[in-house]
Structure formats: structure tokens, C-alpha cells
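Visitor: All chains, please: the whole structure from these sequences, using the hints.
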Amino acid sequence: MEYNKVVMSKKPQSHADRADILIGGGGLAGLALAIALREALGDAFHVVVADPALDRAPGDARASAIAAAARRLFETIGVWDEVAAGAQPILDMVVTDSKLDDAMRPTFLTFDGEIAPGEPFAHMIENNALIASLLKKARETGVDLRTDAVADFDTQPGGIVVRLASGATIPARLLVAADGARSAIRERAGIASHGWDYQQSGIVTTVAHERAHHGRAEEHFLPAGPFAILPLTGNRSSIVWTEQRTEADRIVALPDSEFHTELERRFGLHLGDIAIAGPRRAYPLGLSVARSFIAERVALIGDAAHVIHPIAGQGLNMGLRDVAALAEAVVDAARLGLDIGGATVLDRYQRWRRFDTMAMGVATDGLNRLFSNQSDVLRLLRDTGLGIVDRIPTLKDFFIREAAGITGAAPKLLKGEAL
Amino acid sequence: MPRAQAPASTVDQAEIDQFSRLGAQWWDERGPMAMLHKFNPVRLGYIRDQVTAHFGRDPKKLGCLTGLRILDIGCGGGILSEPLARLGGKVIGADPSQANIDVATHHAGQAGVMVDYRATTAEALADQGECFDVLLAMEVVEHVVDMPLFVKRCGEMVNPGGLMIAATLNRTMKSFALAIIGAEYVLRWLPRGTHRWDKFVTPGELEAAMVRAGLRVVDERGVVYGVFSDAWQLSNDMDVNYMLTAEKSA
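If you read the sequences in order, they're chains U and F. Residue numbering for the first sequence follows this note's numbering, starting at 1 and increasing by one per position. Residue numbering for the second sequence follows this note's numbering, starting at 1 and increasing by one per position.
One should not assume that every hint holds.
[What the hints assert, rightly or not] Distance condition first, Cα-Cα at most 20 angstroms in a straight line; then the derived EDC-like pairs of lysine to aspartate or glutamate:
#1 F/K38 x U/D347
#2 F/K61 x U/D20
#3 F/K61 x U/D332
#4 F/K60 x U/E296
#5 F/K61 x U/D43
#6 F/K248 x F/D102
#7 F/K60 x U/D43
#8 F/K174 x F/D127
#9 F/K152 x F/D239
#10 F/K248 x F/D237
#11 F/K199 x F/D239
#12 F/K38 x U/E296
#13 F/K61 x U/D197
#14 F/K60 x U/D332
#15 F/K61 x U/E39
#16 F/K152 x F/D102
#17 F/K152 x F/D12
#18 F/K60 x U/D20
#19 U/K415 x U/E75
[What the hints assert, rightly or not] Reference listing, derived: stretches of chain F covered by chain U, where coverage requires no fewer than 3 residues with Cβ under 8 angstroms from a Cβ of chain U:
#20 40 to 50
#21 79 to 91
#22 100 to 114
[To be verified] Have a look at the derived ranges for each label pair, beta carbon to beta carbon:
#23 F/D17 x U/P157: 45 to 53 angstroms
#24 U/P279 x F/D28: 49 to 57 angstroms
#25 U/T169 x F/W197: 48 to 56 angstroms
#26 F/A250 x U/D152: 52 to 60 angstroms
#27 F/L234 x U/E417: 46 to 54 angstroms
#28 F/G63 x U/P157: 18 to 26 angstroms
#29 F/R188 x U/R351: 17 to 25 angstroms
#30 U/W196 x F/Q98: 54 to 62 angstroms
#31 F/S229 x U/A418: 17 to 25 angstroms
#32 U/D55 x F/D237: 55 to 63 angstroms
#33 F/R30 x U/Q199: 39 to 47 angstroms
Just so you know, the hints here were simulated from the structure itself, not pulled from any lab data. Note that the structure is a prediction, hence the values are computed from the model and not measured. Note that the Cβ used here is the ideal one computed from N, Cα and C, for glycine as well.
Guide: Structural data, given as C-alpha cells:
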């Protein structure tokens, strides 16, 4: 097995006693960062990913919209080919604003789904498939994967000593918190997180339908909040359905037939008969942004740094922007022989990401407030507002490019450039 | 009390005392030397790229300076020496201030990086017949007593086919306004008294000294500060900060 031999030889000295960087959390952001660093810096740069759930069977029923910029990142770090088969391009997008029982939902905004000829602005991918591909690539590139949790850490001159739950102690130069919205590393680093709870939940499930969706994404602004139909491969769509929290809990707990009825009321019959094709679960929605994205020898990425409203499908993409910015700051410093956990690197990362995150948080929060309201005045306002956007091509183009994540001073990986 | 100096030394004791006072603050990236830390990436990048191009190495490889014997004259607290050693260089960091050498040695120990730090001068090393593939005089020539003599002694230590790279401040009205008034008094980027404008060196003077030392200038580059990016970058503007690379023919 020639292939296996190559893989073996690229593996780091198994469980080496020190790391250049230790990433706590093996989700999408943590694994993507680990792969990007190994690809750019090679075997001499030791990357550890510690996550107690690494060897568990993937159990995430959600799908994610991968914006063009994030897709370029996956291409550049060599995982896109692997996931491409299961990725459904979003070819166009329709947004409607309606009351639940309106016979016709007035369409006031349509988007062609391409940022450049032949380049869709987003793809839908099921999270499980993405994680599986990232894990495979992480093994191939010699990331030191540990089924273990970060228990504690202490900074010391020149580094940070990380203790794992198993008792192992690993000195590193930088610790990355990629351990999700309730990040234990963030808390241990003493970084507060500000935000609020929307008292809404997003019901997530998968639906099979009779007719083809032709790559069309739909977002219906119903009074309780947005109801999104996002195309998956085959005649299937991922549903993200916002309701008040108690109502969401009630709906998820309904017997299958009643859940089906509630869903069909909102989904409509334009794609023919529908069938529930996956588990259903309600995720509480909130907005929170860490007070700082850095502490001494610690950097936060992904949900550990920020959780925003999923209204514009930007949560994962924001996390991947963190990955691209931190990877570039670390790689540049490493190639200059600088301390990769020093203040210069951390300050550069924070400057790069925090403003962008605040802006996105405010924008998605505003959208949600504007659209989660029955007021006719607000409805008139948003209809005319979006109607104006629809009629001005350059403005619409800007929104599409913003949704695709390619405006601003983007890090190289988001532009498809190798580090 | 000034230490006894060998005759023909180019060391200025008042300058040494000024830098020795910094102590452990050398390595505080947000402290009094923050501006030097911000300046460090651009000069490191310049050195790395000049050296790897000259010796046919890949600048993206982590060990791109492996095996090269490098002298960092006026190494201070080791801000330049330590990164060059991490890139694989066999680095000798020399500084006349024992206090600086102590700071640099202590820090390299903590960081786990091998650097050969010595409390000595360029003249003493030249007298010992030391030779190097790369000799660095970064932000040094504006601090010595006799610049042409200093450069001559440096030139003696460059191996045939090797490089000398120097960075310094030009003596122009613009550098007086920016480097002295702006950096030390208005913005407080640098401790007051860090620089004396009358000791600044024009590119013409430095190149002439290098030529007399048997070196040929192969690259010259300005460095400017971008207000909006809050970062230093290479430029064609050599009115204030600039760097020269010179080679000794093989």
C-alpha cells in the first residue's frame, strides 16, 4: 500500500511532547486551521488538535452554506475535491415577505447565484460530510489528532503549557480556542462574551420533495422569523425554520404526521409532495461576540469568538474567515522566525477579524429585527427597502459579493491564494 | 564608569548606556520598544529574501537559513538574532553592552532557541579573525563613532561570496522631522535620546564606505510606515529609513 506508506511517513513523531500550536476543538474551524498550517509550513511545524468527540460517529444533522470565499479556502487547502460530489450549488435565490396564510408570497428580491460566470456564490453541504473530509485530510497532512479535552493551561515565559483531561501535558507556543459557542478555553482565559438571546430557535431538518429545486434557495420572511429552504443534492432540501423558542420546542416534539402538516403549511407545494428525510432538532438562537478575540498566547476562532443570527447563513463562513486570517498571521510569522504566539501575531489577527465580526453581527441582528415583526409599517419599509435594492444592480451586486465573503481586505486563503 | 576600550574602537559608551537601561523591556512587544517590534517583520523579511535569493534557498521553508553563519552586530536584546536562529541560521549576536547580552541570553533560553551571544565589538571579532556568510549591521551605523572604520572592519569579516546588510536612518530634513521630533518627542514611539540626527548616514556615505571595504552594493530599499495599516513596508523612498545589501566577490 504505497499510499499508506506516504501517509505514515508524514505523521508526526506520535504524541510528541511539545507542539507549535495546540487547537482545542476539532470542528470545521479547528480542523481547517490545522490543515492550512500543515499544508503551508510542512512537517517541521507541529500541530495538535484535541477534541474529546474526535472518534465519535458524526451526529450533526445540519447543512451549511459554503460561501464562495470559504469554498476557495477549501480548494486551497485541498479538501474541496473530496466534498464537491456532495455539494449542491445555489444557482439562484428568492426572498419573499409574507404572512403565513397569504395565498401568494410576493417576491421582491431575486438573485442570480453567480459572483462570476461559472462560480456560484454558495454551495450547500451537509456538515457530516464536510467534517469527514476534513478529518481524512488532517490525518493525511500529519496533524496530531488527540481524542482528549483541554483541561487547563498556564502561560509561562516563551510559551503556554496545556494540560489535557487524560493528564498529558503539552507545551505549545499558541493555544487556539475552537471549542464552540460555550468555549471552556475562552472562559478559562477570562474573556467575557457579550450578546443576547433572541428567544427564538431554529428548527433544522431535511426534506425530500417530488420535483427538482434546480439549485434555488428560498427565504420566506414569515411573521415568526425567516423560513429558509436550502437545496441539497438530489431532490432534497435543508430547512432552517425560525420560531419563538417555546413554539419551536412544541413543534419539534409533535408526532411525525402533525410535524409534517406544520412544515407543509410553510413549505408549500411548489416542489410537489414532501417527506421528512432526516432528524429534527431546535437550536436556540442568540448573538454573542467575545470581548476580545485574543488573550496572552490564546486566540479564539469560530463560534468560540462569535455566534451570530443564522438569518444570512454567515456563521460558518465567519468562522472560516477567522481561520484564513489566523493561518496567514501565523504562517507569515513562522516564516520570519518570529514567535507565533507573541503579541504582534495576535494583534494582527484581532485587528483583521474583530471589526468585520462586529459589522456582520450588527447587520444580521438588524435584518432579524426588521423581518421578525408583524407590523405593517415595518413590512412596508422592508418591502420598499429591498425593492430599491432589487432595482439597483450595483448595490445588489455588493450584497451578493458581501454574502460570498469576498469584499474587504480578504486574507489570501479566501481569495484562493496559497499561503 | 566607562569600560576601557581598545584603541580605534567605534563604540560610543553613552549610546551603550542608553540601550542598557531598557533591560527586560526589549522583549515587551507592547512596551517602549513596540515600534522596533513592528519594524522587525519588514527587516527580517528583507534579510530573509536577500539571503535566500543570494544563496539559492526557498524563503518559504522554515529552515531556510540552515547552515549559514550569521553575525548580528549590535544585537541589543536579541530581537533580530533569535528569529534568524529559528530559521536555521548559526547566529552570533554581538553587543558591547553586557546588560543587553544578559537580556538576550535569558530570553533565548526561555524560548528554546540557540544563539551564540557575546558581549563584544565588531573590532574585537575582526581582530579574532571571525568570518561570516552574512553580516548584519541593522540600526547600528548611526550609533558608532567612526562609521567608515566600522564598515571596513565589518567588510573584513564577510566571507568571499557572502553578504553584508545594513539598515540605518538617512540624514535629511524629513528624517529630522520624523525620526527625532516625531518618533521620540511627539509620538513617543522611541525613548527620547535613542537617536542623534547628526550621526545619521546618507546612502551615499554608507555605499562609499562599503566600496572602500571591498563590498559591492547589490540592492537598496527604503522602509516607510503606513499610517492606516499601522505597519512598516518596503518602498523606493529612502529619505528616512533604508537598507543596503552588499556582496563580497567570491
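Visitor: Could you run down the list of hints and mark each one as holding or not?
Guide: Going through the hints against the structure:
In summary, the hint linking F/K38 to U/D347 is supported, as the alpha carbons are separated by about 11 angstroms, within the 20 angstroms threshold. This hinted pair checks out: F/K61 and U/D20 have alpha carbons roughly 16 angstroms apart, not beyond 20 angstroms. Of the supplied pair hints, the one linking F/K61 and U/D332 holds, its CA atoms being roughly 11 angstroms apart against a limit of 20 angstroms. In summary, the hint linking F/K60 to U/E296 is not supported, as the alpha carbons are separated by about 27 angstroms, beyond the 20 angstroms threshold.
Straight-line distance between C-alpha atoms of F/K61 and U/D43 comes to about 10 angstroms, which keeps the hinted pair within the 20 angstroms bound. Note on F/K248 and F/D102: the hinted pairing is violated, with a Cα-Cα distance of about 32 angstroms set against a maximum of 20 angstroms. For the proposed pair F/K60 and U/D43, the alpha carbon gap of about 13 angstroms is at most 20 angstroms, so the pair holds. Pair hint F/K174 plus F/D127 does not hold up; C-alpha atoms about 38 angstroms apart against a cutoff of 20 angstroms.
At roughly 24 angstroms between alpha-carbon atoms, F/K152 and F/D239 are farther apart than 20 angstroms, so this suggested pair is violated. Only pairs whose Cα atoms come within 20 angstroms are accepted, and F/K248 paired with F/D237 is rejected, the gap being roughly 26 angstroms. Restraint check for F/K199 and F/D239: the C-alpha separation of about 15 angstroms stays at or below 20 angstroms, so the hint holds. Straight-line distance between C-alpha atoms of F/K38 and U/E296 comes to about 18 angstroms, which keeps the hinted pair within the 20 angstroms bound.
Proposed proximity of F/K61 and U/D197 is contradicted: the alpha carbons are some 47 angstroms apart, above 20 angstroms. Restraint check: the Cα-Cα separation between F/K60 and U/D332 comes to about 9 angstroms, which is no more than 20 angstroms; the hinted pair holds. Taken as a hint, the F/K61 and U/E39 pair is honoured in the structure, with Cα atoms around 12 angstroms apart against an allowance of 20 angstroms. Taking the CA atoms of F/K152 and F/D102, the gap is about 28 angstroms. The hint is violated against a cut of 20 angstroms.
The straight-line distance between the Cα atoms of F/K152 and F/D12 is roughly 17 angstroms, inside the 20 angstroms bound, and the hint therefore holds. Between F/K60 and U/D20, the direct Cα distance comes to roughly 17 angstroms. Compliance with the 20 angstroms bound is thereby established for this hinted pair. A threshold of 20 angstroms between alpha carbons decides the hint, and for U/K415 with U/E75 the separation of about 10 angstroms falls inside it, so the pair holds. Counting residues of the segment 40 to 50 of chain F whose CB lies closer than 8 angstroms to any CB of chain U gives 5, which reaches the minimum of 3, so the coverage claim holds.
Interface restraint, the segment 79 to 91 of chain F with chain U: holds (6 residues with C-beta to C-beta distance below 8 angstroms; minimum three). Requiring three or more residues with a Cβ within less than 8 angstroms of a Cβ of chain U, the coverage given for the segment 100 to 114 of chain F holds, as 4 such residues are present. Take F/D17 and U/P157: their Cβ atoms lie about 26 angstroms apart, and the range 45 to 53 angstroms is violated. Between U/P279 and F/D28 the C-beta distance comes to about 53 angstroms, which sits within the given range of 49 to 57 angstroms.
A beta carbon spacing of about 52 angstroms between U/T169 and F/W197 agrees with the range 48 to 56 angstroms that was offered as a hint. Evaluation of the 52 to 60 angstroms hint for F/A250 and U/D152 yields a pass: the beta carbon distance comes to about 56 angstroms. Distance hint check: the CB atoms of F/L234 and U/E417 are about 20 angstroms apart, inconsistent with the given range 46 to 54 angstroms. As the Cβ distance of F/G63 to U/P157 is approximately 25 angstroms, the hint placing it in 18 to 26 angstroms holds.
At roughly 21 angstroms, the beta-carbon separation of F/R188 and U/R351 lies within the given 17 to 25 angstroms, and the hint holds. A beta carbon spacing of about 57 angstroms between U/W196 and F/Q98 agrees with the range 54 to 62 angstroms that was offered as a hint. For F/S229 paired with U/A418, a C-beta distance near 22 angstroms keeps the hint of 17 to 25 angstroms intact. Between U/D55 and F/D237 the beta carbon distance is about 57 angstroms. The supplied range of 55 to 63 angstroms therefore holds.
For the pair F/R30 and U/Q199, the beta carbons lie near 41 angstroms from each other, so the given range of 39 to 47 angstroms is met.
The structure is inconsistent with the numbered hints 4, 6, 8, 9, 10, 13, 16, 23 and 27, although it conforms to all the rest.
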